[in-house]
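K.L.:
First to last, the protein sequences are chains A and B.
Going by the working numbering, the first sequence opens with residue 1, and the numbers climb by one from there.
Going by the working numbering, the second sequence opens with residue 1, and the numbers climb by one from there.
Worth double-checking, as some hints may not be accurate.
Straight-line Cα separation of at most 20 Å, EDC-like style, residue types lysine to aspartate or glutamate; simulated pairs [stated by the list, open to error]: (1) K6(B) with E135(A); (2) K92(A) with E59(A); (3) K6(B) with D46(A); (4) K95(A) with E101(B); (5) K7(B) with E103(B); (6) K36(B) with E139(A); (7) K105(A) with D62(B); (8) K36(B) with E45(A); (9) K36(B) with D46(A); (10) K71(A) with D62(B); (11) K7(B) with E29(A); (12) K80(A) with E15(B); (13) K71(A) with D60(B); (14) K7(B) with E139(A); (15) K3(A) with E91(B); (16) K7(B) with D46(A); (17) K23(B) with E45(A); (18) K80(A) with D62(B); (19) K81(A) with E15(B); (20) K24(A) with D60(B); (21) K7(B) with E135(A); (22) K6(B) with E118(A); (23) K81(A) with E14(A); (24) K3(A) with E103(B); (25) K24(A) with E128(A); (26) K36(B) with E59(A); (27) K35(B) with D9(A); (28) K9(B) with E139(A); (29) K3(A) with E106(B); (30) K23(B) with E135(A); (31) K35(B) with E45(A); (32) K81(A) with D60(B); (33) K7(B) with E93(A); (34) K92(A) with E101(B).
No wet-lab data here; the hints were simulated from the structure.
In this text the structure is predicted, and so the values were computed from the model without any measurement.
Each chain, letter by letter, is given below.
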Amino acid sequence: MGKIWQFFDYYPDESGCPIRDWYKAQTVEVQARFDATVDTLEITEDWENPQLRSFGVLERKPEHAGLSQVKFYVLGKNAKKTHYRAVGRWRKEAKEFIFLTGFKKDGRSPVPPNALDEAARLLKALEEQRGEIHEHNLEETEG
Amino acid sequence: MSTIWKKLKDKRYREEYATAMLKRMIPYQTRAIRKKRGMSQAELAEAAKVTQGVISRAEDPDYGNLTLTTIGKIAAGYDLAAIIRFVPFSELVRYSENTTEQEFAEMPTFVQQETPKQKKNESIIHGLQGTGNAGNGREIDEDVFGSLGLWALKGQGQGEGMEMPI
Chain A
1 MGKIWQFFDY YPDESGCPIR DWYKAQTVEV QARFDATVDT LEITEDWENP QLRSFGVLER
61 KPEHAGLSQV KFYVLGKNAK KTHYRAVGRW RKEAKEFIFL TGFKKDGRSP VPPNALDEAA
121 RLLKALEEQR GEIHEHNLEE TEG
Chain B
1 MSTIWKKLKD KRYREEYATA MLKRMIPYQT RAIRKKRGMS QAELAEAAKV TQGVISRAED
61 PDYGNLTLTT IGKIAAGYDL AAIIRFVPFS ELVRYSENTT EQEFAEMPTF VQQETPKQKK
121 NESIIHGLQG TGNAGNGREI DEDVFGSLGL WALKGQGQGE GMEMPI
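With the sequences and hints as input, model every part of the structure.
P.N.:
As structure tokens, then:
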């Protein structure tokens, strides 16, 4: 298999997996776009190429240091783009990305508004080695 | 059964996924081949007879409005062919799961593919002429079977239509 990067999902505790909860709440169109973005990032060697707009490191606010995001959009009616972000921890040397949570963008603001603060809280818990990381798989396992 | 295959059972999902992959994989390939060949966007633009802005947009997976004409020009700039085929979803899954950047590093141009074959052809022709196996005035053409290692002798009399494996 030709995967260069590996994706994981973060499970902070027994109550569940925030990125999974976010994914399940999306329409199939959003899910498909997200999966296609992940599938192409998996086989893309250089994520720091400025032409690659599907990935970015959050650098503007110090409280979000250490967070990165997978970026994609879905075209709606009248070709209006709705932008989405799946936030996580990117480790270039390990060639891995751990998903923490996701959100929709409304202009420059995240929806829900505290999504990035929640991501920062999850990152802190991950770095304190609480919870578990599982191989990325947001497919239903129950039933 | 792969995870993606289960998801594709939803028609709306598979339509969206296939469209997204179609739009994303051409920019992915354009960027990967250029990188593997050590070309700048400006160099590719010159070879493809387009502007650098066109290359920049062609490498943007979010642009999504690439025309077949532009794809054809970029292919020409790389001395490669581009094909777009309708395929069953099983092939999309295989493509999505097995594609690597490495295969683009090894993708030969037409000239690179042609050069060793031409040398081989010349030695065959010389060999046949030397022994007279082809007969007087006969032409030796590589047809579509050439790529499979088969040669057709064209001419009159003995040997007409004969295929010679090389």
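K.L.:
Mind listing which of the numbered hints don't hold for this structure, in increasing order?
P.N.:
3, 5, 6, 16, 20, 22, 23, 25, 26, 27, 30, 33
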